[in-house]
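S.K.: The lines below spell out each chain.
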Amino acid sequence: MPNPEPTHLFLLGSSHQTAPIEVRESFALGMESAQQLYRQLKTAPGLNECLILNTCNRVEIYGVAGNDNSREALEKSLSETDGFNAQAFLKHGFWLTDEEVVRHAFEVAAGLDSQMLGETEILGQVKSSYAGAAELAATGPILNRIFQKSFQAAKWARTHTGIGRGQISIGNVAADLAQRVCGDLADISVLLVGTGEVAEKTTQALVSRGVKHVTVAGRNLINARRLADEFGGPCISISDTPRVLGYHDVVICSTAATEPILRKEEVKPALKERPTRPLFLIDLALPRDVEAGVGRLSNVYLYNLDDLAEIANENLKARQAEVERARSAIVERAQRVWSAIRGGE
Amino acid sequence: MPPDIYSDRALFWIGSVLYTMAFFFALVSLSSEKRLLRSIFMTLLMGGFIFQSLGLYFRGIEEHAFPLTNPFEILQVMAWCAVGINLVLRQVFKLNLLNVFSAGLSMLLCVLSLTNPDWDYTVRQGVTSGSPWVGFHAALAIFSYGVFGVLAITSIMYLIQNYGLTQRKSGKLFNLLPAIRQLEDINSKLIVFGVSVLTVAVCIGFLNWLATPGTVGLLKLLVAVAVWAAYGILLYLRNTHKLIASPFARACVILFIAALLSLWPLTLRSAEKASAVTTGMHDDAQP
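Protein sequences appear in the order of chains U and P.
If you're matching positions, the first sequence starts at 0 in numbering that gives the first Met the number 0 and goes up one per residue.
If you're matching positions, the second sequence starts at 0 in numbering that gives the first Met the number 0 and goes up one per residue.
The shape of chain P in the complex, shown without the other chains (with noise of 0.2 angstroms):
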């Protein structure tokens, strides 16, 4: 009898209404010019993070590897990675309100897969539940996915910053961002951290291809190596101050959003397929 992995969305969803509970919070806190009670949406983001990973864990056990067969995982493996991120982050640069919009972008994720149950779809041979090496690969790069969607985050921290700052405003939530120094600072962090993690996923892939050729369609090899080349070109022209400041900004969140829908080639295929060959997103190389 397959496992039941449609018991543990309650976890899920309880997850995603905390996270929105948070943000929300946050938001009519912000507009009303009423202290942020940071107790409350701290509680509110952390619950969220609690629930959301047992989610994952009652995936996990019951998939015997990371949760990441089906769309529906991945958005929500993202979101935690996000939040996690951030948590992390938040300490370490000490910048208020990316939590905020962590919990902003989380529910995003959440709610878009949770709201489309054909997502979740069971797979009986996962592509992490053959070699730990591809499970590697994959936690990887959906982890390099989070940090890009923390970049994201900060980049419209940062765009947002300068526009008020180009268009002479102020208020509470200019007050409350980040310096546009200290964007600066943490998005070149971030793209090097992120490009660095993907890049050793993509060639944990790669080897992983040479081992085991037409185990990986050609659709989800380019775009594969697509989002890491384009990751990897923003990266150098960071480094070259080819492009900074608010171009810069921009072109990590359209890049993110390009990321994000490069999964939807790839679910549409796979979903497709899933009910006929029961097999996960990665196998557009299958007949």
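Next up, chain U with everything else stripped away, as it sits in the complex (with noise of 0.2 angstroms):
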């Protein structure tokens, strides 16, 4: 049966796209401030829906209206919530409606329009999104069918395209190739050599994958503390790194040293206390920390900061390239949904 009243559809945004981070820090909302906006939509005159999707790249805030004057309705809202800086929000800002809310809604859920493109940490947030907008009765049938049918998209494009394919951060990049050497993660030891943020950010995602014991060798014995508590394990000296080179599987070196800290002769008897297990080395380090005939040696696989670079920027290359199609079959999609939604007016 046809819907009497026409749908407005739109949507209210500021993102990576629109936003540097300096700005988008300003208009971060809290949980607080989202569930007072949440409360202030719900009472705007003429607002049937709306669905606020708030993550640390993007700030946007769907809606239906019965009539075409939501944009001052909801700047009017915006601007009366605390703790949020409307004026940068606008100022940065972008609108847009009907047809173009519903592809952008698609493009966001598979990642099209992340930052890290392609990257499925997105989906889980307009899902979680969705189900609180949902719990507050905020949502209506148009959300409801835009945001469920952006779910199977996402899922569609992530299946049948290569959006999702390869790792393109230098620590997810070292962990998969981690994989690749050592099989299952969790019972392989690794050396942080250095306390650098880098280093720490690759240990953090080898960590996510399933690590559990990680040795932390500093200088700065308070630093390597520090962080040696935050992955629970022990520190040491970093003089003593090739002393217990022989008990890890992988070691991560960042240290600011001019000279590199391994070399070849004192690898080689560490490989002798391990024969069979393979070494992975990764050299986050400039000036680098090892010597590069280290990875020369058998059972030695030794990757510098250019190597993990080069294989995500192939990935980040492999995945442009399928950024078109997923883009084209998203589209369509998204104009069948729109036309559906337009049919049952």
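Rather than coming from a laboratory, the hints here were simulated on the basis of the structure.
Please note: incorrect hints may appear among the correct ones.
As the list claims (entries may be wrong) - Taking lysine to any residue pairs in the SDA-like style, the calculated list, with each CA pair at most 25 angstroms apart, reads: (1) K316/U to K168/P; (2) K267/U to N238/P; (3) K188/P to D183/U; (4) K241/P to R242/U; (5) K171/P to F23/P; (6) K267/U to Q166/P.
Since each chain sits alone in its own frame, please combine them into the complex, following the hints.
M.R.: What follows is the structure in structure tokens.
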């Protein structure tokens, strides 16, 4: 049966595409502010449905209104929300309507609008935002339909195209490689030499994939202790690194040393202690911490920052090549959903 | 009237076609970066295994023994062992792509045996038809070749993964292949298992040779001992860590090819004599 009321679907948002990080920081919505905004939107005249998508890279407000004055009402609600920089948000924001909104929602869910193209975390965030909005009875038949279909579209894109192929962050590339060398990461030992940020993130990526034993070696034992506590492992002095090398399967180096801290002569004895177990060395330092010749030793796999970045870039290119294929399929799906919504009016 | 052993070739053909389909299905899935539909692949592989098992079963009934009387049957049994061992190992070691590679090896062995009809000659008195111990010896020896075939497969997987890691290659194939450490581990177990089985086979063969000297020719004896000694040396070098990682994997592949080729001189000698004296490949001692 046709819906007698015309539907005005809109989206007011700001994301990494339109706002730099320092601006995005100023309008990040806290839990309390988001709840307050929901309350205001639900009482806004003419607004039938709404959903707030609030992540570190975007704040987007999806709505369905019975009239086309929704933008003014929405901007007024935003300006009245505590702790939210509405001025910055609107200045760096974008406004979409009707089919464009459906298309955008589909692209966001599929990771096509993400800073890290094809990432999967966004789908979980969209699902969580939708569940939150549904719980507050803020969504209705139109947004329910759009978001449920967006989940299907995202799943389709991930299964049938290569947008999620390969890792594109240094940490995850290193973790992928560690799995190719060591298999199950739960029973390996990682030695983190130095306390650099990239090395810390790489170790975090390994820990997120099951690594349980992390030893931190550092010049500054206070910093090393702090990091070791974070990973629940012991800390040692950097000078002890060659001595304990044989007990570890993955070694991540990122010191500020000007000379290599691991040379062939130091690695060879360690290999004798573990002749059949491969050793994976990740050198994230510049200048390099591991002498290049170490990589030529049998059963040693040495990767430096350039090697990891090259793989990450190749994966990114592969993803970008798939984007158009995924996007055109998603646009087609969005058109079908929008036509169905219009047909139901 | 001699039994018609050619009637079961159709079963071997169907088995080989199914192995080929399984292998190429996996290959296309991998190269197109699409998800390998495991159910389709496993249906094809299991189908091939079942048809090949039926073929061997009917052969066995006709020959009243495990069918190992000519090169065709030896290659078929070897392929059958390779798939069978892989099906078990896949469950035990959870090694990705092991079945894909085993389908490839079995496809090669089956196609090789089927496209050479001369190799499937009739043997009125095969090696296994006399003493059951000789049959047991032959079956064990071929089973150990199957184990070495699997070892060659896992070694190839090791070399591919190692190539990917050393040449900084990434892609679906490398991510699907088992890890270097897993492959090292399984290789060390397979070499021990294969050498143990072959040692038992050689011991039984040796005792049989002592009991009935002259039934086994010098060439066969030398080849059998050479293969056994080569794998034994490989195991020794592996256990003393003198040959590990890529060199060990390369040696396993080369040795398996050599072991397969070592069947060749025996096959030729047997084939030459088959029409005249109707004996199998183990008859080079006969006049």
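S.K.: The structure should be examined with respect to each hint, and the outcome stated for every one.
M.R.: Cross-check of the supplied hints:
Of the supplied pair hints, the one linking K316/U and K168/P holds, its CA atoms being roughly 14 angstroms apart against a limit of 25 angstroms. Simply put, K267/U and N238/P have alpha-carbon atoms about 19 angstroms apart, close enough for the 25 angstroms limit, and the pair holds. A hinted pair counts as satisfied when its Cα atoms are at most 25 angstroms apart, and K188/P with D183/U qualifies at roughly 19 angstroms. Of the supplied pair hints, the one linking K241/P and R242/U holds, its CA atoms being roughly 23 angstroms apart against a limit of 25 angstroms.
This hinted pair checks out: K171/P and F23/P have alpha carbons roughly 16 angstroms apart, not beyond 25 angstroms. For the given pair, K267/U sits about 22 angstroms from Q166/P by alpha-carbon distance, which is consistent with the 25 angstroms threshold.
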